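4 protein chains.
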Amino acid sequence: MVDKIKVSLLGSTGMVGQKMVKMLSKHPYIELVKVSASPQKIGKKYKDAVKWIEPEDIPENIADLPIVSTEYEDHKDVDVVLSALPNELAEDVELKLVKQGKIVVSNASPFRMDPDVPLINPEINWEHLELLKYQKLNKNWSGLLVKNPNCTAAILSMPIKPLENLIKVKAIYITTLQAVSGAGYSGLPFMAIEGNVIPWIKGEEDKIPKEINKMLGKLENSKIKHANLEIHPTTTRVPVKVGHMGVINIVTDDNFDEKEVQKALEEFSELPQKKNLPTAPKKPIIVLKDEDRPQPVRDLQYYNGMSVAVGRIRREGNVLRLIALGDNLVRGAAGITILTLELMKELGYL
Amino acid sequence: MVDKIKVSLLGSTGMVGQKMVKMLSKHPYIELVKVSASPQKIGKKYKDAVKWIEPEDIPENIADLPIVSTEYEDHKDVDVVLSALPNELAEDVELKLVKQGKIVVSNASPFRMDPDVPLINPEINWEHLELLKYQKLNKNWSGLLVKNPNCTAAILSMPIKPLENLIKVKAIYITTLQAVSGAGYSGLPFMAIEGNVIPWIKGEEDKIPKEINKMLGKLENSKIKHANLEIHPTTTRVPVKVGHMGVINIVTDDNFDEKEVQKALEEFSELPQKKNLPTAPKKPIIVLKDEDRPQPVRDLQYYNGMSVAVGRIRREGNVLRLIALGDNLVRGAAGITILTLELMKELGYL
Amino acid sequence: MVDKIKVSLLGSTGMVGQKMVKMLSKHPYIELVKVSASPQKIGKKYKDAVKWIEPEDIPENIADLPIVSTEYEDHKDVDVVLSALPNELAEDVELKLVKQGKIVVSNASPFRMDPDVPLINPEINWEHLELLKYQKLNKNWSGLLVKNPNCTAAILSMPIKPLENLIKVKAIYITTLQAVSGAGYSGLPFMAIEGNVIPWIKGEEDKIPKEINKMLGKLENSKIKHANLEIHPTTTRVPVKVGHMGVINIVTDDNFDEKEVQKALEEFSELPQKKNLPTAPKKPIIVLKDEDRPQPVRDLQYYNGMSVAVGRIRREGNVLRLIALGDNLVRGAAGITILTLELMKELGYL
Amino acid sequence: MVDKIKVSLLGSTGMVGQKMVKMLSKHPYIELVKVSASPQKIGKKYKDAVKWIEPEDIPENIADLPIVSTEYEDHKDVDVVLSALPNELAEDVELKLVKQGKIVVSNASPFRMDPDVPLINPEINWEHLELLKYQKLNKNWSGLLVKNPNCTAAILSMPIKPLENLIKVKAIYITTLQAVSGAGYSGLPFMAIEGNVIPWIKGEEDKIPKEINKMLGKLENSKIKHANLEIHPTTTRVPVKVGHMGVINIVTDDNFDEKEVQKALEEFSELPQKKNLPTAPKKPIIVLKDEDRPQPVRDLQYYNGMSVAVGRIRREGNVLRLIALGDNLVRGAAGITILTLELMKELGYL
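Chains as they are written, first to last, in the UniProt record's numbering: chain A, 1 to 350; chain B, 1 to 350; chain C, 1 to 350; chain D, 1 to 350.
I should point out that these hints are in silico values taken from the structure, not numbers from a laboratory. Keep in mind that a hint or two might mislead.
Given that identical chains are not distinguished, each listed pair holds provided it fits within a single copy or across any two copies.
As the list claims (entries may be wrong) - Under the rule of at most 30 angstroms between Cα atoms (straight-line distance), these lysine-lysine pairs were calculated in the DSSO-like manner:
#: 1; residue 1: LYS96; residue 2: LYS259
#: 2; residue 1: LYS202; residue 2: LYS274
#: 3; residue 1: LYS283; residue 2: LYS22
#: 4; residue 1: LYS136; residue 2: LYS259
#: 5; residue 1: LYS263; residue 2: LYS51
#: 6; residue 1: LYS34; residue 2: LYS139
#: 7; residue 1: LYS241; residue 2: LYS168
#: 8; residue 1: LYS51; residue 2: LYS218
#: 9; residue 1: LYS225; residue 2: LYS6
#: 10; residue 1: LYS283; residue 2: LYS225
#: 11; residue 1: LYS6; residue 2: LYS210
#: 12; residue 1: LYS202; residue 2: LYS241
#: 13; residue 1: LYS170; residue 2: LYS275
#: 14; residue 1: LYS241; residue 2: LYS47
#: 15; residue 1: LYS139; residue 2: LYS283
#: 16; residue 1: LYS139; residue 2: LYS259
#: 17; residue 1: LYS282; residue 2: LYS6
#: 18; residue 1: LYS289; residue 2: LYS51
#: 19; residue 1: LYS44; residue 2: LYS289
These figures come from a predicted structure and were not determined experimentally.
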């Protein structure tokens, strides 16, 4: 292809950064040409700056790239800046680049709840990219900023979306069992979590309802009217490496049928699927029927980790119970950033 | 003490059996004098028949006891038969002994829901022992049968009971994260559960609501009128050795105060406490205030495992969320069997 | 290719069996046409008889195959019978099939030390297949029997072989750290091995020296003269799912150079490589230079698990220390059975 | 008791520090009166400065102590300063205190190999405390410095010592399987070591031979003549929380008998035992006969963690193989520091 999209990557040596490096190395039309990391790594070759943990080798075309800074100068000749920066560093760095004219697509939390910034989980709310039409004007930015949701919100929102037209939700009770990688490679010591459960994840229970309600919101008069679901999350950390699971109880008043729910989930398909975007899973939701699924060691690999597996669908009176599982590094982070960029190209926002 | 209660123990070589052996070895007035196990072990010394896994040595007075059968002959000279039999073996064996006149206190599931059989979690429903006054007549048994609940129901019922008079429960949504020991020592292969979550435990989601509602029931006209709580449990297995955790969301209409809830839990005290029974924890519920507690590696040891730790108490609108954790082998099994026997003695049922 | 080798597989539902099913599903000229398993599974479809644990789906062409017995009738129309039977069942079943004329290539332990039976680790001793020229006569069998070594012996022998001509070995001290899958899917309960080390594996310390010495033996007058290495193995089980590691100390009198050792290992290449056999790794030994490698979570994937990773090569006086790691299910079992069959075809033994 | 030894503790909030706090809280004559930690914690109460991980509560008499600095002023009124400082901080801090006149007993690595500093593993080389008679003069210090060995050297030296007079050692090949706590509470991320083995521990393979040879050395003319054992260690990290294991192969020329070895180990008893010191284990070495022992989950509790468990004793020709296991936090650190202080008192060095 002649016109590849040239991108740079902030936070390229972290776990999500590595996942993006790997996914982009095989991408048909997005080309990673610059990798950025923390100041003390600048100038080193990527292969010397990274503690590579993916099972396959560092892609050859990336291994020898020199680490660059997060300054505009180092990114001026790329079309888009992707960001896998830690939350605490992202606000300043990303804002500066956007003000200087860059298009930034980012996983980090700052600005996620900003009314002018689309918070995109591609199959859920690709329409929200329309905010970009007003963002420059409203913000007085020369560039553009697009956000992806928190990894858990990204996964949990998936099975909720297709039910919108099927049942009227009164309240949702969610318990998550989240993998250690969600805290970063060094986020949790072995001594703290091995053989243990830590029934609390800092900040997470606050983000989940807010981000899901924003993503499920409707565009009205160039603004997003947030949904208003009553969501009660409890988030726990379990000794699992990859894979965030959510036990979801949806309370409704409606009559509904388990089979219909299952069908709605299985047939869920949106613009990314219709346009056959390279990173889009053929089936965003995989419904499993064995009673003891989904399981992190078995059910993370569907469509390279881009699908969410859903099992144990059960109706009990007016309550729908289901269990969702997704790859927090792919579906929850690296993969949706890339898929968002594919959507932006498809919809003409580049 | 002159008048020790002499007991025998069925299923003495399993994990719960070993826990009882250990607890009874230090008991002030219950004396374990016979140990029974599966037919191929009969005649062996206990120390040769058991694969002992408790950290301390086998109690000296038990180590050389010969394994006996489950037949009446082998138990005729004990006051009470305790049973840690596997569920699938318990029905026939226990029934036979009861019909032949033995008093049996058992952890196994058969007969738990029988209207004539008390299902005792001591602090919750010691009054239900009164059923024993009618059991012989109703059943035409010469002995007596008392049951203890499923380990998860035993733990989850603890923080629900003290709230009875504080809030009116409309519905309860529970997700459990249960330890592997709940399935028995060899119940789950390492290959199946290490680094994994299995979001289903056979039979468990059926037992929990039924057993809790029976335990929370009221004695009326020599029968138990079951409570009628709407309980929606989802049970999962996590790679933890000991300790069942429950994330509990209680929906109510009432106004209530988190502080009152906390106080009601902290001050929970019942007959076992008032009578200062040897195995009764001084505080049946330990309220933890750190956000990241309770945790299996830290919060199972209160009063030798007989207390349930409760944390993350939070009110959100009309919903009360809390997290309970208990030792499934002690609070969930061995300990409440022994405490039940202490109660029976205290209340004159021996 | 017109002339595919048709094979059946004994023990097709176990972990090694599943690995073979997967590897054969993509094989250019070996076609799996019959799958056998234990009597109670006969007649069921493979997909219903197996508890499939590989991350990808069951290969389509196998999923609906009916399970057959181990009797000759069920295997008469295949060219070769592959066996992943448990050791305790293998002797009778395999012998019967060989006597009835089948060619059997097997992973199971019986007959491994029989002087008429080649014990093949392809890169180490493909020449030993020559025993097959005399086997029928010596044994009065109408078929042929070929064995593969114990998984640990298969892995440990790899780095020893290329050093044969470089240093004269006086003694070898080996400590292994072996994965739980080596005991089979249900071989070890979580409760027994999680967070633990079990410093003993039944039978293993006996097999390792004998099998390595047979594999390193020389063909002389149509017999194998075993090597005579003094090997002192201690075998331990660690809480790792896949990957057997060996810490190897080789005592010698010679002067040698670490660099030469490294070169000999890196350049190791034998008939399977020269003939470019489909399952042969391009490099049977991967030498790693980072001090903290090889590691099971990172170093099992070279050439689909067919290479052995070797690291921490160090000379200390007259002692060579190195650490070897291999995939016990692939390099230690399924993979070498298939590679052995490829060799047999290449060398005209089919 | 009137004359308690008053001690302060450097590094009191780390894992080894916490273990000492716990052990000292029940000590008959050593009284912990000051706790020190890193500068940002100074002034806080111990209970607020520590992330307490021991299962029991913080001892009451310590919980409210204010954290003090490492400066002399803060320790001038104690008899002895105990140190559980990290290696990288210990050199300057400890040296300064010793020069200002304090008696320091320390676990940290600096000065361990100093010829004037005794490196004490109590049962092995209590005689080496005699160096203290010359230390002040040789060093021109006003205080005294005593060191304890690296945790692995402390454990491995135990079964070697009693064999000194039984067999003449030609070489020792050791592979260790070490627990994660050896790297400190936050020393290894879950993502790095769970389900993995890391076959390298920084610095460890250098320390082990040197420290063991110093400890096994003889006092000659007020100096220690180091032993000269040829020790070849390979150190690995395994996903175990507590307990360092060593697989030890001892090569000799002698005729010896396994039974004699076992007897020598079982009967090992030294001054700490003879004087019945409070922290001394009755039996410093516990010989286990079951083939599958010692195991970290079962064999760390003998005499509160102060004994080393030894199993799998086997003679093979001129090679003695045995496996040793000890609690790296107690036998390897906190416990021997306290026992060393008890010895110093017993021998009149205070």
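Structure versus earlier hints - violations, ascending order | Hint check: 1, 2, 4, 7, 8, 9, 11, 13, 15 and 16 fail, others pass.
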